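Residue-level listing of the chains:
There are 2 protein chains.
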Amino acid sequence: MGSFVIRGNLCYCKDCNSISIKPHAYLVCRDGVCAGIFDTLPEQYAALPLTDFGDRLVLPGMTDLHLHAPQFSFRGLGMDMELLDWLNAYTFPEEAKYAGLDYADRAYSQFVSHLRRSVTTRAVCFATVHAPATELLMEKMEQSGLVSYVGKVNMDRNAPDYLCEASAEASLDATEAWICATKERFSRTKPILTPRFIPSCTDGLLRGLRKLAEKYDLPVQSHLSENFGEIAWVGELCPDARFYGDAYDRVGLFGGDHPCVMAHCVHSSDEELELMRKNGVYIAHSPLSNTNLASGVAPVSRYLEGGLRVALASDVAGGETENLLRVMAGAIRASKLRWRLLDQQVKPLTVDQAFYMATLGGGSFFGKVGSFEDGYEFDAVVLDDTTLEHPQELSLRARLERCIYLADERHIAAKFVAGTRLF
Amino acid sequence: MGSFVIRGNLCYCKDCNSISIKPHAYLVCRDGVCAGIFDTLPEQYAALPLTDFGDRLVLPGMTDLHLHAPQFSFRGLGMDMELLDWLNAYTFPEEAKYAGLDYADRAYSQFVSHLRRSVTTRAVCFATVHAPATELLMEKMEQSGLVSYVGKVNMDRNAPDYLCEASAEASLDATEAWICATKERFSRTKPILTPRFIPSCTDGLLRGLRKLAEKYDLPVQSHLSENFGEIAWVGELCPDARFYGDAYDRVGLFGGDHPCVMAHCVHSSDEELELMRKNGVYIAHSPLSNTNLASGVAPVSRYLEGGLRVALASDVAGGETENLLRVMAGAIRASKLRWRLLDQQVKPLTVDQAFYMATLGGGSFFGKVGSFEDGYEFDAVVLDDTTLEHPQELSLRARLERCIYLADERHIAAKFVAGTRLF
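Line order of the protein sequences matches chains A and B. Mapping the first sequence onto my numbering, position 278 (from 1) lands on 1220, and the numbers just tick up by one. Mapping the second sequence onto my numbering, position 358 (from 1) lands on 1300, and the numbers just tick up by one.
Treat the hints as calculated values from the structure; they're not laboratory data. Certain hints may be false.
One copy or any two copies: either way a pair holds, since identical chains are not told apart in the list.
Claimed, not checked - Calculated cross-link-like contacts (lysine to aspartate or glutamate; reagent style DMTMM-like; alpha-carbon spacing at most 20 Å):
# : residue 1 : residue 2
1 : Lys1157   : Glu1084
2 : Lys964    : Glu1081
3 : Lys1289   : Asp1115
4 : Lys956    : Asp1115
5 : Lys1125   : Asp997
6 : Lys1289   : Asp1022
7 : Lys1310   : Asp1199
8 : Lys1220   : Asp1103
Keep in mind it's a predicted model, so treat the numbers as computed, not measured.
Here chain A stands alone, though its shape is the one from the complex:
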């Protein structure tokens, strides 16, 4: 976590409406924190080490607010079902393999190595129900230099025998032991409570998790209103809940005093959205996954205009790639088809909104993260787009747009997390 200066074409958001671009500007990092953007480097910083990235684009590191690390192994596979069948046919059998640490070691090494090379600097991850493999994943994430929350999953009902935890008590005991083992062990990697979703968790389990959230001051992540079949099932399982999110809220796992990420929110009612707004719940918008599993398209520009906290998520392996640039393009695309096919009242997403969600929108879950303004942690990715050939002059804005549609890990020339250069 150093103090230094980089120079390049800085592209970042101050809000959800527009991207600021500073050509050939200096960005100062002091003790891991952004300390100023300058056209000419002030004398006071002249002694700091300077890296000039020339004509390259410098973006804030991106936050992936929802992904399943154990599913990375089957990314790009099994896209022929909707959510509940997909869980039973593909996801649960794969996740069961993480009972074995050898398999987990091999699989998580591949996952972490890909994530490290991507534009992602921060992530909020599901692991599996297995505490040892989850701790192993946390070790690997810590070593990668990325900053993350990782959750041991809780499931004590409606899961196959080979994956279901024996009881709420057993699940809670294993979870508390895992929290105690990991809470202070890492500097960049922290536990997050992770009830899979309402159908997998008894009320007793959810209430116990609420107690753990209080006792250890932990954030919470889960799934919400992704798919019609799932929503109907939650309605049957929780006849007293006013809406899906209320089933989390009535046990105290829906934001407010503990930060909370809910993935998807494709079909959230106005009442559910209003409670999320009030409680500051983060929506992890997962457009590739919601498309691949034919779940639908969340009206994201409406959420943004309504002041909800919306971030982007790969949702690997409902989404087939960890590349958040591809997720940004997917978000824009899905919003256009929603506009065309379903509802012209909700505008398609702009490039600026997608960029905001991938940077500042999700980054704020980690504090002052996701921008280059003063006081933000110094997360940055440097893109070299020279192999994306073009015969004409292009503005920096145009080059950034092209990268959103076309760039991948090949184009990342350097990556910084909280002031440390990873490569």
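Assemble chain B onto chain A, guided by the hints.
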């Protein structure tokens, strides 16, 4: 155009419903044509040179049935408008630059080099109105080793002054001169008549092109029923046409005696579709473009079930990439959102249908192309998916599916067109 044998995991279609997979099989090429698939190589071929591609996947080369070569320069840009505004704001100003051969040389070199490295072995391309630049593109395509049709565009109305041809007669004269200059000049690269679309072409121009089609026995390509604004405009311009396609048909430019590609067909009426079926018109389905420009989603599985000829197209630069694997995934994805958001009567596309469209579906426009069955021209791409790491055993079918979602030019280990190895 040689005779040789390759060995690998062969993946190909015999029809639009299923992919055949032959593990570690021999594929014989005799004089550029597929001459048998064998588990054990028959004695009669033992003397032919053999290349063993080991555990790699071998797919038929793919056909891109519609793309705009001059638009490759702005791929990934200008995705914030619908078709007609997009043409005026981005496309026409860019295409005007191809009046200069220096610019065309630089831009087309980049385009052809990318296409050569892709999974595409055959393509049907729009150029611009400029005959010299179009001939230059044809030279470069010929040198690439790919097989293609390339069209000098015709536009004599409703185009900006800087791009509009002076009259139908001037457009036809330039087109005939270009045909004569190029028709016999190349072995792999042939001219195709290319009225841009009905709004850009007077009836006189279209009738003249019909005469050129007859005189020189040429195929035809154009656009059809892409966007609501466009369709309404055609209705105003051609009040006597029963539907958009009829405006081509009544001048003899809608299949039948001359092969014809119509790009898009997103909003085609039943009457239009029936005429396309009867006339054998090819539909170039362009899902990335139709999504990027918010045009909509063609009900492609219905077209396939109805016996229409449907192929895939990148439609660069409405589509942002020349990578047909990405277009296959995009077709599946768009069909899922159509199913979810608009019409559950039309099933989402399967992986097999997408694969068929990219290989045999489009290949047949070039004759016996797009499969490994006996008598098909030997077009093949060899995919090395070893960098798409996975911790578990995967079937060949699963590996192929992953490549559709995840692979790009990095994963192409070898490429053959009509029996010639390009790399």
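Comparing the hints with the structure gives:
For the identical chains of this complex, Lys1157 and Glu1084 are neighbours neither inside a copy (24 Å) nor across copies (71 Å), given an alpha-carbon limit of 20 Å. When the C-alpha separation of Lys964 and Glu1081 is checked against a cutoff of 20 Å, the pair qualifies neither within a copy, at 37 Å, nor between copies, at 42 Å. Within a single copy, Lys1289 and Asp1115 get their C-alpha atoms no closer than 47 Å, and across copies no closer than 46 Å, so neither meets the 20 Å cut-off. Taking identical chains as interchangeable, the C-alpha atoms of Lys956 and Asp1115 are never at most 20 Å apart, the minima being 43 Å within one chain and 56 Å between chains.
Taking the closest pair of Cα atoms, Lys1125 and Asp997 never come within 20 Å of each other, the shortest separation being 42 Å inside a single copy and 44 Å across copies. Taking the shortest Cα distances, Lys1289 and Asp1022 sit within 20 Å of each other only across copies (11 Å), while inside one copy they are farther apart (29 Å). In this assembly of identical chains, Lys1310 and Asp1199 lie within 20 Å of each other by CA distance solely inside one copy; the values are 19 Å within and 66 Å between copies. With identical chains, the CA atoms of Lys1220 and Asp1103 are never at most 20 Å apart, being 38 Å at best within one copy and 56 Å at best between copies.
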